[in-house]
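Q: Fit chain B to the known structure of chain W by using the hints.
Read top to bottom, the protein sequences are chains W and B.
With this note's numbering as the guide, the letters of the first sequence map in order to residues 1 to 370.
With this note's numbering as the guide, the letters of the second sequence map in order to residues 371 to 840.
These aren't lab readings, by the way, just hints derived from the structure by calculation.
Honestly, I wouldn't trust all of these hints.
To be verified - In the SDA-like style, the derived pairs of lysine to any residue whose C-alpha atoms are separated by at most 20 Å in a straight line are:
id : chain 1 : residue 1 : chain 2 : residue 2
1  : W       : 96        : W       : 116
2  : B       : 473       : W       : 26
3  : B       : 498       : W       : 290
4  : B       : 391       : B       : 410
5  : B       : 498       : W       : 298
6  : B       : 473       : W       : 116
As the list claims (entries may be wrong) - Per the computed footprint, the stretches of chain W lying under chain B, defined by three or more beta-carbons under 8 Å from a beta-carbon of chain B, are:
id : stretch
7  : 35-47
8  : 268-279
Beta carbons: idealized from backbone N, C-alpha and C, even for Gly.
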Amino acid sequence: MLDSYRNQILRCLRCGFCFDYSWLGQYRMCPVYDVMGFESYGAKGKLIALQALLEGKIEVNESLARHIYACCDCGACTYNCMMSINIDTILKESKKYLLGKGFLPSKYKKLISNLKAYGNISGTSKPSIQTPSNTDIIYFRGCLYSTHLSSIAEIQVEILSKAGLKVGLLEGEVCCGYPALALGDENLARELAKRNLTLLERLKGKLIVFPCPGCYKMFRDEYPRLLNSYMPNMIHFTELLENLIDTGRLTLGKLETSVTFHDPCHLGRGLGIYEPPRRIIESIKGVKLIEMDRSRAWSYCCGGGSALPRAFPKLSRKIARERIREATNTGAEIVATACPSCLLSLRSATKGDIKVKDISELIQDSIEKG
Amino acid sequence: MSRCELLPDDVVKAVSDIVGKRNVTTDLIDRISYSKSCSVDESGVPACIVTPRSADEVSRILKIANNNEIPIFVWGRGTAFVPLSVPENCILLDMANMNKMLKVDEETMSVTVDAGVVWAAVNSILRKRGFELPVQGGGALVSCTVGGSIASSAVPHGITGGGTTGDSVLNLEVVLPSGETLWTGSAANPSGTPFERYCFGPDLTGLFIGSCGAFGVITKATLKIEKIPDEEDFACYSFKNYEHAYKAALEIQKNRLARFLVLVQGSLPVKAEALMHIIVTSKEGETAKLLEEIRTICLAYGGVEEDTTGTRNYWRSHNVMYSWLRWEDPKEYYRRGDIPVFCPEASGFLTFSGLLKLTKLFWEYWSKLKNSKYSPILKGFDIYYSRNGGYLWIDILFSLLDPGALDFGLKVRSTLYEMLLSCGGAPATIGGGEHAKKIMSRLGAYYRVLKLIKRSLDPKNILNPGALGL
Chain W
1 MLDSYRNQIL RCLRCGFCFD YSWLGQYRMC PVYDVMGFES YGAKGKLIAL QALLEGKIEV
61 NESLARHIYA CCDCGACTYN CMMSINIDTI LKESKKYLLG KGFLPSKYKK LISNLKAYGN
121 ISGTSKPSIQ TPSNTDIIYF RGCLYSTHLS SIAEIQVEIL SKAGLKVGLL EGEVCCGYPA
181 LALGDENLAR ELAKRNLTLL ERLKGKLIVF PCPGCYKMFR DEYPRLLNSY MPNMIHFTEL
241 LENLIDTGRL TLGKLETSVT FHDPCHLGRG LGIYEPPRRI IESIKGVKLI EMDRSRAWSY
301 CCGGGSALPR AFPKLSRKIA RERIREATNT GAEIVATACP SCLLSLRSAT KGDIKVKDIS
361 ELIQDSIEKG
Chain B
371 MSRCELLPDD VVKAVSDIVG KRNVTTDLID RISYSKSCSV DESGVPACIV TPRSADEVSR
431 ILKIANNNEI PIFVWGRGTA FVPLSVPENC ILLDMANMNK MLKVDEETMS VTVDAGVVWA
491 AVNSILRKRG FELPVQGGGA LVSCTVGGSI ASSAVPHGIT GGGTTGDSVL NLEVVLPSGE
551 TLWTGSAANP SGTPFERYCF GPDLTGLFIG SCGAFGVITK ATLKIEKIPD EEDFACYSFK
611 NYEHAYKAAL EIQKNRLARF LVLVQGSLPV KAEALMHIIV TSKEGETAKL LEEIRTICLA
671 YGGVEEDTTG TRNYWRSHNV MYSWLRWEDP KEYYRRGDIP VFCPEASGFL TFSGLLKLTK
731 LFWEYWSKLK NSKYSPILKG FDIYYSRNGG YLWIDILFSL LDPGALDFGL KVRSTLYEML
791 LSCGGAPATI GGGEHAKKIM SRLGAYYRVL KLIKRSLDPK NILNPGALGL
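One chain only, chain B, in its complex shape:
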């Protein structure tokens, strides 16, 4: 390990003493690779990367950081599309090596894992035992970590029937900025185990879900598990009119017919305004009935039955790929020839009526935007239907080679968020920096309370400073 110019030698030595020399680096080549995530936003270069293996190690590092007022940034895999804002010269905790699958409890139907374990790894191990997770983190489920997805409240595949990422969390082990470690829910009882979230007063688990690491470092998580359903089947319908598609989706949701319901618009493989993918799971002998009910609803709204190969591939691919939602090969999906592109994604939850309102606004906006000098490409205006509405994300691609496109793309993202919020929308993942501040500062007392909590838990503002705009 080379000498670090950015942190005092005694701090680097103290951290090395905790985790071992080979788990700490101050080498610029190592550090620079943590300065970029899936987000296009500028981020700082950490001073030091540490790969802890236990909550105890995390706790001791946080104490050192507090004593020396050094910012800490907690890193899962950096797969979120929102700005992470890694602080310049921070100590970055790369949690991905804290990745043990700790306990499958068939009595409480739960699994307890280290925060750095990858979602798909947990699910593949569970499936060998006849179980599965209700949902698996975010879109990058083959690489994103459980802790990272919970902290960023990533929206998972399967949300329609399985709920959000947070819904599947029972208890969390969290190291607070002070270095103190706590278990939430039933596991807070020194004689208890992690099995029930809503007990001992308020839902502290919820405080850390979507906190973007502002309030503590998630080090372990206990998640719900389910038996693998007996049957799984697929349906796909195209709609000439998106409003009809929305009404069909609402009808399907009201009757709780689908495990997962996805509606895509833009760059479709068929001549239609919307393409609906439906995944149905059930006990033995029940899928046919569910699919028939769905068929009746879709046909009543003018839906046309389509081939389900894309739906099947999307749901069953080892690395679930959005491209199959448009019947495209994954390898080609984000390509624009050999030109590198970036995607200033905007996303959030909306009610059914909010979705209708925003869709109308968006298509009006897009009719002007598509002719801008930066030649944007609309790769997706897609909705994952949730239990109470839908989660919309808008993917517009711009060339990284166009001077000025980056600034323009980020302005487009701001405009889209304005639109989303004006329609009553609610972003799931907030991220950090000015982007987060802009969103959160609209929330009045809600934001003030979060600030108070932050100040109380992290008076020196060392942990993920800027996350949630705090």
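Chain W on its own, in the form it takes in the complex:
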């Protein structure tokens, strides 16, 4: 199948427009290239290596796999490619090829086996829950808000309840399948997608709210491709929150602080949601929003995408550290985000120089203090 992308791979002009955000200042665009320093880790280098593979000049080996898997799937290269090459799709297809050849980096094997055995990335059995029949909306937690960040999920559900919504969790929810897809296991991703859609089919008509942009993007963009099946009505948590504030169903208080917003790659470039989180932050009286140089469509990744921290923890942390540095340079007290991977990644990299918060924590703080 990788061969079917041959023409796109050959279309690369090698202009290097996938390396830098130079028009914003002395900034790199590709986070992996930024840290590793060799062109082979940027999109241009990876496409040259794939071309060499297709031409039989190199063989599949662990080094090729390391280079291809060292990617945050942030989509910046694809967004900025002057030749309109679907680099992110080509890299996913390459991972599928590498996995098929037995070259999945060993540290990802546990993640895949967790997904197969437990239906989530952490490999834990979740306490069983029931979806109440009288809910307005279904809150699709996703793996990270179910485990590492369950306290944030509670805050988010509480905020929605305060706005008068009847919120239910999805009974039997499994991983959206994005991690499997990102690592090249499309069959597993399809299987997980099918399980989720089967559950949601029984709840037809309910609105599904996603706190995780990765899950939402998977449902919106990949489920229709993987399955020809029923698709529910969907919304991201920040879009719903913005609506609740606009319609006066949720009243925010006051916070005297300054905030910079880190655009999660899947929320921004992936889903095109840039304004709702900003309008939410600006709705909090007393909060000053300060933009980073790399923001909105030109945002820099946090290093947490595509399960990078699992197999490349040092690389991931260095990327996150670079983002924390940029956020700190704005002079803001808080860097807020709206994605569980970003939250974990940025929290792991802050050395107390700036507070890292989920946007829902800001809302909660404002309600409590206001």
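A: Just chain B now, with coordinates in the frame of chain W:
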């Protein structure tokens, strides 16, 4: 770092000791990605990639290379469309991580930067302080490095008023093939600073501009800066007759009215032979007068006023895109459906009369070429007007999927260069390999002198061998 079969272990270890292990790689996957540039010409695979961080590191690596007679290739971002000729099994110095912006000097109106910094990054930082560069390297200004563009004498946007890339260079720090480091111009004085180019005898700065890395590794550059002009405005005219357009351009240039003047032919969005884009900058309240003078000239030569959106987008886009010169979306510009294409570009400076002569020859040639079995597409026959003439580049696209198209395309490029040189043309970027040798060997004593300089500075021919045909 895996063991390298192509270089002695002690050499790889010595280089690693200088720059640190994580800045050296001998892995084939890393190496192969430096074997291709924007040029379609075949290139070698380096034995080792090194990302130095200072002139001192470069100097020490060159000494090792000299002692062991290992070729070195200096890499900026590989965005030139001429053959680079990376030597097989060389040590490749990737300069892009040597990228600090060192000093903005408002007294001497200059900025000193590491060679690996990207042009657009320097300019965006300067603009936040109210300054800008007169010109910004070559066409790939958002990705090409300052050192790379200077070494290849890349022709920049804005050349009409701002001059060539080399014109904006004051002083350079260069590591010679022997490993010795020097500053050119006023900075050669141990007590001096980089602010004046023409001093202490001949212009050594100029020796390294356009040298394609044959004579030394540029590690730092001091560039002129200017205040951001108060006003900027745009004009666009189409011409039914290209000769009339050329005459209008000459008239505009004689009167120094434009910051940038670009004339495009081929694949135009309007029924005309030529489309002229004009960018005007000035002090407050002066652009209207300049535009009026330009209008008078263009109308006198039969020009028709056109919408300036494309001109504006071209000049102001964060990643300046040639596509706007033809009012096209950048994302579609180089596409031919999903078929991958290559562009054996030919380019060079010509006088106004040389341009007229070559244009006539070209259109005659194209009328036959366009019907060849390889179905070429003319994407551009475009001129950036310079202070003393024009810089023409010819972009013809061929399919990478057509067997034989690559050889044919390279022959077309040779023919175009023959045409260019016969009309008195002068290529700005020479590159390396046979292509360079073919051009330079016509130059008689000039070429012999360059050979003598090369032999004197680099007796073992380790640095960018083949560059400039040396």
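Q: If a hint holds in the structure, say so; if it does not, say that too.
A: Consistency of the hints with the structure:
1. At roughly 17 Å between alpha-carbon atoms, residue 96 (chain W) and residue 116 (chain W) fall within 20 Å of each other, so this suggested pair holds.
2. For the hint linking residue 473 (chain B) to residue 26 (chain W), the alpha-carbon distance of about 14 Å falls within 20 Å, and the restraint holds.
3. Taking the CA atoms of residue 498 (chain B) and residue 290 (chain W), the gap is about 17 Å. The hint holds against a cut of 20 Å.
4. Between residue 391 (chain B) and residue 410 (chain B) the CA atoms are separated by roughly 32 Å; this puts the pair beyond 20 Å, and the hint is violated.
5. Restraint check: the Cα-Cα separation between residue 498 (chain B) and residue 298 (chain W) comes to about 18 Å, which is no more than 20 Å; the hinted pair holds.
6. Between residue 473 (chain B) and residue 116 (chain W), the direct Cα distance comes to roughly 56 Å. Violation of the 20 Å bound is thereby established for this hinted pair.
7. Beta-carbon proximity to chain B at under 8 Å applies to 7 residues in the stretch 35-47 of chain W; the threshold of 3 is reached and the given coverage holds.
8. Coverage of the stretch 268-279 of chain W by chain B is violated in this model, with 0 residues showing a Cβ closer than 8 Å to a Cβ of that chain against a need of three.
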